[in-house]
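Read off the chains here:
Number of protein chains: 2
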Amino acid sequence: MIVIAGPASNGIGFRLSKILKAEYTRAVTKFFPDGETYVKIEGEIEGRDAVIVQSLYPPQDRHYLQLLFMIDTVRDLGAKSIVAVVPYMAYARQDKRFLPGEAISIKTILKGIEHAGAEYLITVDIHNEKSLEEWLNIKYVNLSAAPILAKYFERRMRNPLILAPDRGALNRAREAADVLNCEYDFLEKYRDRNTGEVTIKPKKLKVKGKDVLIIDDVISTGGTVVLATKELLRLNADKVYIACTHPLFAGNSYEKVLSSGVEEIVATDTIPSPVSYVSVAPLIAEYLKNILK
Amino acid sequence: MIVIAGPASNGIGFRLSKILKAEYTRAVTKFFPDGETYVKIEGEIEGRDAVIVQSLYPPQDRHYLQLLFMIDTVRDLGAKSIVAVVPYMAYARQDKRFLPGEAISIKTILKGIEHAGAEYLITVDIHNEKSLEEWLNIKYVNLSAAPILAKYFERRMRNPLILAPDRGALNRAREAADVLNCEYDFLEKYRDRNTGEVTIKPKKLKVKGKDVLIIDDVISTGGTVVLATKELLRLNADKVYIACTHPLFAGNSYEKVLSSGVEEIVATDTIPSPVSYVSVAPLIAEYLKNILK
Numbered sequence: 001m002i003v004i005a006g007p008a009s010n011g012i013g014f015r016l017s018k019i020l021k022a023e024y025t026r027a028v029t030k031f032f033p034d035g036e037t038y039v040k041i042e043g044e045i046e047g048r049d050a051v052i053v054q055s056l057y058p059p060q061d062r063h064y065l066q067l068l069f070m071i072d073t074v075r076d077l078g079a080k081s082i083v084a085v086v087p088y089m090a091y092a093r094q095d096k097r098f099l100p101g102e103a104i105s106i107k108t109i110l111k112g113i114e115h116a117g118a119e120y121l122i123t124v125d126i127h128n129e130k131s132l133e134e135w136l137n138i139k140y141v142n143l144s145a146a147p148i149l150a151k152y153f154e155r156r157m158r159n160p161l162i163l164a165p166d167r168g169a170l171n172r173a174r175e176a177a178d179v180l181n182c183e184y185d186f187l188e189k190y191r192d193r194n195t196g197e198v199t200i201k202p203k204k205l206k207v208k209g210k211d212v213l214i215i216d217d218v219i220s221t222g223g224t225v226v227l228a229t230k231e232l233l234r235l236n237a238d239k240v241y242i243a244c245t246h247p248l249f250a251g252n253s254y255e256k257v258l259s260s261g262v263e264e265i266v267a268t269d270t271i272p273s274p275v276s277y278v279s280v281a282p283l284i285a286e287y288l289k290n291i292l293k
Numbered sequence: 294m295i296v297i298a299g300p301a302s303n304g305i306g307f308r309l310s311k312i313l314k315a316e317y318t319r320a321v322t323k324f325f326p327d328g329e330t331y332v333k334i335e336g337e338i339e340g341r342d343a344v345i346v347q348s349l350y351p352p353q354d355r356h357y358l359q360l361l362f363m364i365d366t367v368r369d370l371g372a373k374s375i376v377a378v379v380p381y382m383a384y385a386r387q388d389k390r391f392l393p394g395e396a397i398s399i400k401t402i403l404k405g406i407e408h409a410g411a412e413y414l415i416t417v418d419i420h421n422e423k424s425l426e427e428w429l430n431i432k433y434v435n436l437s438a439a440p441i442l443a444k445y446f447e448r449r450m451r452n453p454l455i456l457a458p459d460r461g462a463l464n465r466a467r468e469a470a471d472v473l474n475c476e477y478d479f480l481e482k483y484r485d486r487n488t489g490e491v492t493i494k495p496k497k498l499k500v501k502g503k504d505v506l507i508i509d510d511v512i513s514t515g516g517t518v519v520l521a522t523k524e525l526l527r528l529n530a531d532k533v534y535i536a537c538t539h540p541l542f543a544g545n546s547y548e549k550v551l552s553s554g555v556e557e558i559v560a561t562d563t564i565p566s567p568v569s570y571v572s573v574a575p576l577i578a579e580y581l582k583n584i585l586k
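Note that the protein sequences, when read in sequence, are chains E and L.
With the working numbering as the guide, the letters of the first sequence map in order to residues 1 to 293.
With the working numbering as the guide, the letters of the second sequence map in order to residues 294 to 586.
If we strip away everything but chain E, and leave its shape as in the complex, we get:
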């Protein structure tokens, strides 16, 4: 097996290779004066299982083309099999035609990875797992980072309580609660009938005196977690922690979340950020061990 790290995910690629005791090579990339990416794969590829790691955080389009160039080249070089590891999958939120004529971007993105020559796709907390089922004709898996994020807080929280940001994410909260052996709930938006004001509260559980962990798949503008943190502190939660898989933090949203009163924010390394302390490499390595043995 050889692990090929794309420019977006050198760290994860290197860690993967160490855990798997596999050979590691960094895809060489540079830019031409007009902005085109140049890609070169060094190392012996022929006849080997190739694992290509490239996350699709911004600039998404550039990172995506680098991924396609890598897959296509590794196929040309005669790899025995090609696993594409895409820790953060871009365009995953445009997963249906909400309005007539809209592009289903994630379909185009996934199809491109398949047609370039990948035979297996590994993602982490993709926005909608059904996209993989619906559009891919190759094997795939979507791994949950909730347990490893919860693990990070194992000795950091007292009286823990896990909250999902909405009902749809309750499964993620349950996975985290299993690790921390605590209760979990989800946040629901309430609109005050008199003032029209929107608040976000836990559906059932009381938070008073608790250390609350909000666990989310992606923080983009941070609107929901900021609102939730403030409300939880108003309800006398002891401390509020935020864990997310993909710290996208568009614009100045990182500063916004930081100043919401949160005790600590932690994210995985699918996207570089000031808080990407939890690596998804062990999670992915564990899965790769099973499929490539």
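It is worth saying that the hints were derived from the structure and are not from the lab.
Check the hints yourself; a few may be wrong.
Stated by the list, open to error - Here chain L is said to cover these stretches of chain E; the calculated rule only asks that three of the stretch's residues, wherever they fall, bring their Cβ under 8 Å from a Cβ of chain L:
no. : segment
1   : 33-41
2   : 65-78
3   : 109-123
4   : 238-252
5   : 259-269
Claimed, not checked - Pairwise CB distance ranges, derived in the manner of DEER restraints:
no. : chain 1 : residue 1 : chain 2 : residue 2 : range
6   : L       : 434       : E       : 18        : 44 to 54 Å
7   : E       : 134       : L       : 423       : 45 to 55 Å
8   : E       : 28        : L       : 371       : 35 to 45 Å
9   : E       : 178       : L       : 326       : 27 to 37 Å
10  : E       : 155       : L       : 324       : 36 to 46 Å
11  : E       : 155       : L       : 565       : 53 to 63 Å
12  : E       : 59        : L       : 373       : 28 to 38 Å
13  : L       : 491       : E       : 80        : 39 to 49 Å
14  : L       : 586       : E       : 14        : 52 to 62 Å
Said to hold, decoys possible - Cross-link-like lysine to aspartate or glutamate pairs, in silico, DMTMM-like; alpha carbons within 25 Å at most:
no. : chain 1 : residue 1 : chain 2 : residue 2
15  : L       : 389       : E       : 42
16  : L       : 333       : L       : 412
17  : E       : 30        : L       : 395
18  : L       : 404       : E       : 42
19  : L       : 499       : L       : 557
20  : E       : 40        : L       : 388
21  : L       : 333       : E       : 133
22  : E       : 111       : E       : 95
23  : L       : 404       : E       : 102
24  : L       : 404       : E       : 95
25  : E       : 139       : E       : 154
26  : L       : 404       : E       : 134
27  : L       : 497       : L       : 481
28  : E       : 40        : L       : 426
29  : L       : 423       : L       : 447
30  : E       : 30        : L       : 510
31  : L       : 333       : E       : 95
32  : E       : 203       : E       : 185
33  : E       : 111       : L       : 412
34  : E       : 204       : E       : 231
35  : E       : 206       : E       : 264
36  : L       : 333       : E       : 114
37  : L       : 389       : E       : 231
38  : L       : 444       : L       : 422
39  : E       : 139       : L       : 407
40  : L       : 373       : E       : 102
Given the structure is predicted, the values throughout are model-derived calculations rather than measurements.
For each residue, glycine too, the CB sits at the ideal point set by N, CA and C.
Position chain L against the provided structure of chain E, taking the given hints into account.
Just chain L now, kept in the frame of chain E:
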């Protein structure tokens, strides 16, 4: 027929539709806070011949993904046929594995257009026409802009002489010379055996007292045409003109070429630039008339 103009080529798309008396629609694009492109195609697509126009100048990767999203969507919407018009084809210079392990980027790019669902590809002066033959399984044509560029100079030059920047581009010079009914030649690099200095001179023809037109497919850094212009003026050419299909002008190269002593630079509108005065729309329309009648 319906002409769908991508954000990179609204002008060419609009002109195409006027010449062809075809319906025109602009692909609606916007950007999400994290930088992802949103694409929506308005208008009646089902059962119609769709012509999608999108040039791949910088930011190439973004323009390329917009193209794929448009093709995929138009196919979903039930177009009868899909012609992709890509006036400037990005990544065309990475057309072979110059070093082991290098990506053949143009292959990946062309295959992506095919797999997204295009059934015909129209390019203008692609770097190497053989790439189309080698990598595409759909129909294609590569149109030459040399005649329309030459036409622009028809009443502007006295004693004209056409020069190709190198031997490989002699065909383009011949096409232009046919229009202007004049002689043509190519430029060759000479290295002085004593000083090591490189000069660029016409292979055979004398330039003294002539109006010389250098015709090139792409001006990227502008190095060759600057060197050539200076040498041609030293050899007492009367005036030096430069025509190119794709005015890429990386960095400050436009200013560099302008200050070389050249009389006028003219380019086509495959790439926006201060001198993109010659539209490729009539050229493309003429071809579309034949294949879509």
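Results of checking the hints against the structure:
| no. | hint | in the structure |
| --- | --- | --- |
| 1 | 33-41 | holds (count 9) |
| 2 | 65-78 | holds (count 8) |
| 3 | 109-123 | holds (count 4) |
| 4 | 238-252 | holds (count 3) |
| 5 | 259-269 | violated (count 0) |
| 6 | L:434 <-> E:18: 44 to 54 Å | holds, 51 Å |
| 7 | E:134 <-> L:423: 45 to 55 Å | violated, 38 Å |
| 8 | E:28 <-> L:371: 35 to 45 Å | holds, 43 Å |
| 9 | E:178 <-> L:326: 27 to 37 Å | holds, 33 Å |
| 10 | E:155 <-> L:324: 36 to 46 Å | holds, 42 Å |
| 11 | E:155 <-> L:565: 53 to 63 Å | holds, 58 Å |
| 12 | E:59 <-> L:373: 28 to 38 Å | holds, 35 Å |
| 13 | L:491 <-> E:80: 39 to 49 Å | holds, 48 Å |
| 14 | L:586 <-> E:14: 52 to 62 Å | holds, 58 Å |
| 15 | L:389 <-> E:42 | holds, 16 Å |
| 16 | L:333 <-> L:412 | holds, 21 Å |
| 17 | E:30 <-> L:395 | holds, 12 Å |
| 18 | L:404 <-> E:42 | holds, 23 Å |
| 19 | L:499 <-> L:557 | holds, 21 Å |
| 20 | E:40 <-> L:388 | holds, 13 Å |
| 21 | L:333 <-> E:133 | holds, 24 Å |
| 22 | E:111 <-> E:95 | holds, 13 Å |
| 23 | L:404 <-> E:102 | holds, 23 Å |
| 24 | L:404 <-> E:95 | holds, 23 Å |
| 25 | E:139 <-> E:154 | violated, 33 Å |
| 26 | L:404 <-> E:134 | holds, 22 Å |
| 27 | L:497 <-> L:481 | holds, 10 Å |
| 28 | E:40 <-> L:426 | holds, 24 Å |
| 29 | L:423 <-> L:447 | violated, 31 Å |
| 30 | E:30 <-> L:510 | holds, 24 Å |
| 31 | L:333 <-> E:95 | holds, 13 Å |
| 32 | E:203 <-> E:185 | holds, 7 Å |
| 33 | E:111 <-> L:412 | holds, 17 Å |
| 34 | E:204 <-> E:231 | holds, 15 Å |
| 35 | E:206 <-> E:264 | holds, 21 Å |
| 36 | L:333 <-> E:114 | holds, 24 Å |
| 37 | L:389 <-> E:231 | violated, 59 Å |
| 38 | L:444 <-> L:422 | holds, 23 Å |
| 39 | E:139 <-> L:407 | holds, 23 Å |
| 40 | L:373 <-> E:102 | holds, 18 Å |
Hint compliance for this structure: hints 5, 7, 25, 29 and 37 are not met, and every other hint is.
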